[in-house]
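Student: Starting from the given sequences, assemble the full structure and let the hints guide the process.
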Amino acid sequence: MAQNAAELTPLDYTRYDFKDPESYKVRTHRGISEEIVRQISALKHEPDWMLDYRLRAYRHFLDRPMPDWGPDLSEIDFDAYTYYANPLAEGDTKKRWEDLPSDIRNTFERLGIPKAEREYFAGVGAQYDSGTVYHKIRDDLAKKGVIFTDTDTAVREHPEILRKYFGKIVPYNDNKFSALNSAVWSGGSFVYVPPGVDAGIPLQAYFRINANAVGQFERTLIIADKGAKVHYIEGCTAPVYSENSLHAAVVEVVAEPSAKVRYTTVQNWSKNVYNLVTKRAVAYEDALVEWVDGNMGSRVTMKYPSVYLKGRGARADILSVAFASEGQVIDSGAKAVHSAPDTSSKIISKSIAIRGGRTSYRGLLHVAKGATGVKAAVRCDALLPDAISRSDTYPYNEIHEEDATITHEAVVGKIGEEQIFYLMSRGLKESDAIHLILMGFLAEFAKELPVDYALELNRLIQMEMTGAVG
Amino acid sequence: MSEEHTLVVKGLHASVAGKEILKGVTLTLRSGELVAMMGPNGSGKSTLAYALAGHPKYTITAGEALLDGKNLLAMTPDQRARAGLFLGFQYPVEVSGVSLSKFLWTAYSQMHPPDEADSDRFGADLTKHLGYLGLDNSFLKRPLNEGFSGGEKKRTEVLQMATLSPRFAILDEPDSGLDIDAIRSVGETVAKLHNPGMGTMVITHYQRILKFIRPDRVHVMVDGVIALSGGRELAEELEQKGYDWVKVGLAASQASAP
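These protein sequence lines map, in sequence, to chains A and B. Okay, so the first sequence: first residue is 4 according to this note's numbering, each after it adds one. Okay, so the second sequence: first residue is 872 according to this note's numbering, each after it adds one.
In case anyone wonders, no lab produced these hints; they're calculated from the structure. Some hints could be false.
[Said to hold, decoys possible] If you only want the chain B side, here are some residues facing chain A, beta carbon under 7 Å, derived: (1) V964; (2) S967; (3) V969; (4) M982.
Yeah, the Cβ is synthetic: ideal placement off N, Cα and C, and Gly gets one too.
Tutor: Right, dumping it as structure tokens:
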């Protein structure tokens, strides 16, 4: 027994691995150029300021070298991707699923999105490659003044709010991929919750890549005004292709004083997707930002959800989970930047690397001069069920106030033969025993997920375990 | 009338890391029998238990073990469990994030075909068994064995046995590390759960738990073989005379063997 996770069969991704014929109303030529950037902006009939922003970002993208401090990105060929592909006319977002072309509607039905919308969510957005094909918010929330729309629509309909924040939390020149996103972005969610309003039931966005070698560059901006509360959830999948795809999103979150924002991601991209995402939040006085970030899919993920704690008493809670199997590198982590006094942050990272997969935790803890009374706790738990996988931890601490209370724990565990034997002696097959141990390890994360996503996580890990020897 | 089952061990030899521990164990356990396996440290009592349950560290070098005529030794540990064998661990293993109730239900439903796994009966039995063991319902929410006291761990092993209702249960030192009250609670529960459809073997060093369990027979293992078998009074005799008395007897009988 205990041939171990190394010999388990590869992940069965068939549930997500289906594709529609590539029938796009609008599609740019492969590759990127200033012309393409202008074309995307023109398609969207954007105001000049946005075109200027895109062009500045594009120039920065050209100048900026590839990041060389993390996973190998040498197989990314920017000329090989299609940067804009929309199955509908630009801006033709539907408010009823039945108005969508049948294959696209079937895709989202298969992914369970309309059903989940009926059962759990107060609003749903669905993006298909570059196009936001569906977007809807429940009337009662809309009446309270909650805005939940795609970001393109927000540029047209809510410029006064959008311009105040767009690109202010994640500037285009933050990194090469934020620059790329800022140049070619399309879709993404725009959420605004007015002062004192509790959006209550979560809002969900689902991002689906369908075409081969396409890039998806959604742009998400979430603003919780003073004392407002919102929970936003996103899921992501794609069919399997031999050529790689690129997902480079930018997510900006603003929690005004006493606001509370929770942002949950369950990312399950196919293993040919490079997932290079910049996610950052600003939390003002007494605000709370929670990132719950699960990374199960993709070929390479680089993602470090951040919170800039800019008001006294602001709090950050980051739970980052990585599950890397054969051929996958998940380089994730978190950043907490304390620039105000009495701010606190808690970072928990849980990772599992099996069958040769690789996970890394990369974290930054920064306490600025003048930010006194800071409390910060970081815990990294890694589980390595076999001998051929790898997990690394790269914590960076920059502490400029002496009274900060900082704790850091890192534990790498194995699944012991004794644990497996114990569970098998109760009648569990070896694969079920390992599955139970892995689910136990991730329980802290699973309990934070809506029930459908928790079941999905369970199913995902179950799939990874099926076909075990014994 | 309950079915009659047999667990037959014949001439079992087993080694760990190349060192032979079991040197020809032969015994039969039948439904309805409650036996104690005693013996000094290192005599092979636990090895017998783990070898029968299929622990990968133990290599069987000779002999047989048959549960109702089926070759246990050819089965994986989970198959042995599903065939009706239960091992109560001396050192139960912790599994974080898995609640005791989830674990018990997972194990219970593995043991029963889907149409027989009855969640209502499972729940009712569980409540009853928790009562036997003096455990509160809230105990079920805790992660399996994590942070449990020694006594809670041993009780949980008995609770698992009760949930799985095996044909044969081998309990490896269910009394070690327990105070007198806990020994009584565990011992009485084991006796209560024992039934005509089940064979039970309790491994112990001490006679104390046997007062509550009241075994039908007592085996004494010394140096990898069963050196002596007898009735319940044998346990008391051992308590007074110590294991050296058996060792001397064993040496004498070996010396006189042809």
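Student: With a cut-off of 7 Å on the beta carbons, see whether B/S967 makes it to chain A.
Tutor: Cβ of B/S967 sits 5 Å from chain A, so the hint holds.
Student: Against chain A, run the beta carbon of B/V969 and see if the smallest gap drops under 7 Å.
Tutor: Holds - the Cβ of B/V969 comes within 7 Å of chain A, reaching about 4 Å at its closest.
Student: Taking 7 Å as the limit, does the beta-carbon of B/M982 come near enough to a beta-carbon in chain A?
Tutor: With Cβ-Cβ at 5 Å, under 7 Å, it holds.
Student: Quick check on the hint: B/V964 CB to chain A CB, less than 7 Å?
Tutor: At 4 Å from the nearest chain A Cβ, B/V964 passes the 7 Å test, so the hint holds.
Taken one by one, the earlier hints all hold for this structure without exception.
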